[in-house]
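Residue numbers (this note's numbering), protein chains in the order written: chain A, 4 to 245; chain B, 6 to 296; chain C, 20 to 331; chain D, 1000 to 1243.
Since the hints were derived computationally from the structure, they do not count as laboratory data.
Where hints are given, some of them may not hold.
Calculated pairs, DSS-like style, for lysine-lysine (alpha carbon to alpha carbon, straight line, at most 30 Å) [claimed, not checked]:
(1) A:Lys109 with C:Lys325
(2) A:Lys109 with C:Lys324
(3) B:Lys269 with B:Lys126
(4) A:Lys131 with C:Lys297
Residues of chain B clear of chain C, computed beta-carbon distances all greater than 10 Å [claimed, not checked]:
(5) Leu62
(6) Leu109
(7) Asp131
(8) Thr133
(9) Phe136
(10) Leu165
What you are looking at is a predicted structure, and each value in this text was computed from that prediction instead of being measured.
Positions of the beta carbon are idealized from the N, C-alpha and C atoms, including for glycine.
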Amino acid sequence: MKAVDGATFTVRRGSITSLIGPNGAGKTTAFNLVTGFTRADSGTVVFEGRNVTRRGPDQLARAGMVRTFQLTRVLGKMRVIENAMLAASEHPGERFVNALVPRRWKHREAEVRERAMEMLDQVGLAAKAEDYAATLSGGQRKLLELARALMAEPTLVMLDEPMAGVNPTLGRQLLDYLARLREERGLTVLFIEHDMEVVMGVSDEVVVMGEGRVITQAPPDEVRRDQRVIDAYLGAAGEAEA
Amino acid sequence: METFLQTTINGLASGSIYALGAIGLSLVYAILKLVNFAHGDFMTLGGYVAFVVNVSLGAPLVVAAAAAVAAIAVVGLITEAVIWRPMRNRGAGVMQLLLLSIGLAFVIRNLILFGWGGQEKRLDIDNTRTFDLGIVRISLIQVIVISIAAVVLVAVGVMLRSTYVGKSMRALSDSFDLAEVSGIDTRRVVTYTWVLGGGLAGLAGVLAGIFTTLRPDTGFLLLLGIFAAVILGGIGNPFGALVGGIALGLVQEWSTNWITPTYKEAIGFVVLILVLLFRPNGVLGHATRTG
Amino acid sequence: MDPLLAFGFWAYVLTVAGVYAIFVLGLQVQVGDTGLLNFGHVAFMAIGAYSLGLMVTNGIPTIVAIPIAVVLAAIAGVLLGLPTLRLRGDYFAIVTIAAGEILRILVQNRQDETGGTLGLRRASGAWRDWNDSMLDWLDGLGLRDLDRRVPLLVITWVTAVLVALLLMHIGRSPWRRTLRAVRENEDAAAAVGKPVFRLKLQALALGAAIAGLAGVYFTFLQTSLYPENFEPIVTFIGFAILILGGIGSYFGTVLGSIVIAFIISGVRFLDFPIAEDKVAALRFVVIGLIIMGMMAFRPQGLFGKKEELHLD
Amino acid sequence: MTDAPVLVAEDLVGGYVAEVDILRGCALTAGEGEIVVVIGPNGAGKSTLVKAIFGLVPLRQGTVTLHGTDVTGQRPNRISALGMSYVPQVNNVFPSLTIQENLEMGAANSRATMDERMDAMYALFPRLRERRRNRAEGLSGGERQMLAVARALMPEPSVLLLDEPSAGLAPKAVGEVFETVQQVNASGVTIVMIEQNARAALALADRGYVLEGGQNRFTGKGADLLDDPQVAELYLGGGAAGRE
Chain A
4 MKAVDGATFT VRRGSITSLI GPNGAGKTTA FNLVTGFTRA DSGTVVFEGR NVTRRGPDQL
64 ARAGMVRTFQ LTRVLGKMRV IENAMLAASE HPGERFVNAL VPRRWKHREA EVRERAMEML
124 DQVGLAAKAE DYAATLSGGQ RKLLELARAL MAEPTLVMLD EPMAGVNPTL GRQLLDYLAR
184 LREERGLTVL FIEHDMEVVM GVSDEVVVMG EGRVITQAPP DEVRRDQRVI DAYLGAAGEA
244 EA
Chain B
6 METFLQTTIN GLASGSIYAL GAIGLSLVYA ILKLVNFAHG DFMTLGGYVA FVVNVSLGAP
66 LVVAAAAAVA AIAVVGLITE AVIWRPMRNR GAGVMQLLLL SIGLAFVIRN LILFGWGGQE
126 KRLDIDNTRT FDLGIVRISL IQVIVISIAA VVLVAVGVML RSTYVGKSMR ALSDSFDLAE
186 VSGIDTRRVV TYTWVLGGGL AGLAGVLAGI FTTLRPDTGF LLLLGIFAAV ILGGIGNPFG
246 ALVGGIALGL VQEWSTNWIT PTYKEAIGFV VLILVLLFRP NGVLGHATRT G
Chain C
20 MDPLLAFGFW AYVLTVAGVY AIFVLGLQVQ VGDTGLLNFG HVAFMAIGAY SLGLMVTNGI
80 PTIVAIPIAV VLAAIAGVLL GLPTLRLRGD YFAIVTIAAG EILRILVQNR QDETGGTLGL
140 RRASGAWRDW NDSMLDWLDG LGLRDLDRRV PLLVITWVTA VLVALLLMHI GRSPWRRTLR
200 AVRENEDAAA AVGKPVFRLK LQALALGAAI AGLAGVYFTF LQTSLYPENF EPIVTFIGFA
260 ILILGGIGSY FGTVLGSIVI AFIISGVRFL DFPIAEDKVA ALRFVVIGLI IMGMMAFRPQ
320 GLFGKKEELH LD
Chain D
1000 MTDAPVLVAE DLVGGYVAEV DILRGCALTA GEGEIVVVIG PNGAGKSTLV KAIFGLVPLR
1060 QGTVTLHGTD VTGQRPNRIS ALGMSYVPQV NNVFPSLTIQ ENLEMGAANS RATMDERMDA
1120 MYALFPRLRE RRRNRAEGLS GGERQMLAVA RALMPEPSVL LLDEPSAGLA PKAVGEVFET
1180 VQQVNASGVT IVMIEQNARA ALALADRGYV LEGGQNRFTG KGADLLDDPQ VAELYLGGGA
1240 AGRE
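The shape of chain A in the complex, shown without the other chains (with noise of 0.2 Å):
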């Protein structure tokens, strides 16, 4: 069985762009595809003009393409700051040679807990820094994730979901935030989300799914009026609320 067969897209650097689709339109499996946690049986990846495919998903992460999951995986019994602290890159302390001697790395670790903290702080984290993960909410988790992901310095993240589970108005500032990193950072977000007002408000370009194949990739304007998409997925409701 395939979840996804054939499915074709691109997203533009520094672009905001949103995977959309019914339930068990692979949108998942695409993420897990190209961030190489699922093996794909043919096609390929290209990733800043450099084929990836087949590589792993740690590898790709360091090459800046860094994602979240749906069903959040924070670390449980590690602090929220470490969780935060462990995404940092270039980091010569996480070298196995380097462990016993700390003057490699003393210096390097303090900044990256620096860091860790604003990133906390920008998704107000900040006074659980010290709270073990698991005692964080759904939403809270969520968050943790996307300031992980961040704490990466990703050219590329990829967001599965981000706002399930969050409150609304903490979930605009978030994507104010994502877009201003655009901006200053050339920051390229690609993310499933269900939500339409979201989609439609936020994205460059809308990648549409279904049944593991891309049906259209267009702006949210073009896609809204595509009478396939709108078979496919918006149906009747979305007629009615377009």
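For chain A, the structure is supplied; the task is to place chains B, C and D on it using the hints.
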């Protein structure tokens, strides 16, 4: 050809014992998410119950086997009531239960050692009788082991496929919580699971005792092979466990055509590792979904 | 019992405890830090012990053979890890026991090289001479008529404490944070760029090297090696220590090994009104009950942190 | 609607672990043949409320009465036998069982009428009949939801609890689910349903509850809640402005 057929018969016989043990282990795992390291010692205990009834009390072997099956089913139920259910209710994790079962295995094995000593015990059966079928010889014991196993395994298969209890067991193995909310009396199904899993372990222990001799570590020594059988068949899949058990017995015996028999056990483990290299979820296992 | 004899006996029991402590410190790195349920840990100790024994009986100087034995154990960890570390936790556990058994059956069958069930004699090489010179030296310091077992007792425990301190030191590094992340959730660690497979391999190899070191001291203690010294039960006893002391607690490991070694070896010293083989059986019943009791009522062990317990 | 309520939950206090109460004095009443809708922000305790009614969450306080019988703290199979069914939000079918076997599992307490009920379910959901010998794992999201509802209807319950039946479904399938709910209700089954899709759900509701922090915040007729400016502002995305 002759030696091949002969080793095939031998393999079917030892594979039957693996399969009986493996199905019980696999059922308990599938339904209760318990990797039961005490399963081998349940088998041993079954063998010793049969020994007491058969040799100490002088009853016929058939009666002894029935007593062993019943006794281990009861042991399973007792462990469920005293250990596993209370632990599950407290939200114990898979590894916690696994380690607990290792403790239980120590206790059972050494209580057997305490009670009956370390000497080998024999059940009262003529282990010299063989039938000459022309090209191959089959011993009375092999006939008994293979035919009992075949009957029981078919019965279990039919039960799981077609009876309501069997279907409920599969439902519980899919999702315990959903079975509960569907109105299935999960406690009753768990009871049947232990009766079946424990009973099969008891029977496997008796057959192992008939096949060779009984020692306090008889079941433990078989356990690793049983785990191999379960994994080969895909963990939590009772039908796979059956196939895995028979396959393991056959591979071990066939290997003696080329390699010294003292390596027989090791061959089983080598096969296990090789299979997992290429099929990390076992031969008949499903890939677990992520995401 | 003669007090002097008794002293020697206790020295023996405590040395066994020290060997177990080192052995289980290796297990802590794998199980406690990284979440690798290695049930074949005894195999690494066997590799440390037998490679030392085989080298010294073939004329390689003991002082050279010791580091090589430890390195070989680490290499064995890498070799075992390469094909198996991608497996699920419970599969990994069973495959590692299987690998340990393959090794033991191999040792048992290669009688010409290893002595098989007859044992590998004089496996401790120059240790006896070293022991004598240390006793002489201590004698010169005024410590006369010490029990022959004292030097090994001291050295074993110094080593155990050093290994524990080393691990605690490493424990504060970001490297160990990545191990814990792997333990908690591999996918999450991979998603932020941590090389999960390599980290697991490093942890397995480090733990294996430490078990190899335990094998070296085991060889010094026993002089002769037999395949049955390396049955799966040794790993399970290691787990009993790990569970009693607390998964993740180095101090707990040290204390747990003394308690368990006392139960296994120490109770021989006490007089019971029952036959010796029955006492032997009861010791393991007690160990089984300890494992069960801890898992049921205090799964974090005596010194583990409840918040960081991971047994799901 | 009629006088004696079918289901009454009063003053529920409790949660999954002893130290943390998620429900802090919730109440819910469903009259015969009604559609009752529960809405509220994430973490308000909606799922917990429904699970507690079905005996899946330990309660420190409060009572649940079904047809006048106290069922507080009863095991789910007993509650099911008394005429209440529950459809969880996720993992609500047995993936490795066939569709027919899934339905059989719903009939644990009604084996005598099983064949008849199964025919009724196939009549209600013809798509399930076509695929009755297939494993449930191959179903689409909408079909799964149908099967889950059908399984819950097998024992002919008088009350059906639904936890976000439209969650994660395509807008198109959401409409179908709501139609199904109305159809089932028309056959006389009382429905208690949690919904994210608050507008559409309240439009169907005879009675609506808004939960927050494990307590009842607003209660009223579905239509009244829809028109209530405060509810609209807080829970329906800022009144008409929130709609396209």
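Outcome of the hint check:
1. A:Lys109 with C:Lys325: The given pair, whose Cα atoms are some 29 Å apart, holds under the 30 Å limit.
2. A:Lys109 with C:Lys324: Measuring from Cα to Cα gives roughly 26 Å; hence the hint holds.
3. B:Lys269 with B:Lys126: holds (23 Å)
4. A:Lys131 with C:Lys297: violated (56 Å)
5. Leu62: holds (23 Å)
6. Leu109: violated (6 Å)
7. Asp131: holds (31 Å)
8. Thr133: Non-interface label stands for threonine 133 of chain B: nearest chain C Cβ at 28 Å, farther than 10 Å.
9. Phe136: Answer for phenylalanine 136 of chain B: holds, closest chain C Cβ roughly 33 Å.
10. Leu165: Answer for leucine 165 of chain B: holds, closest chain C Cβ roughly 22 Å.
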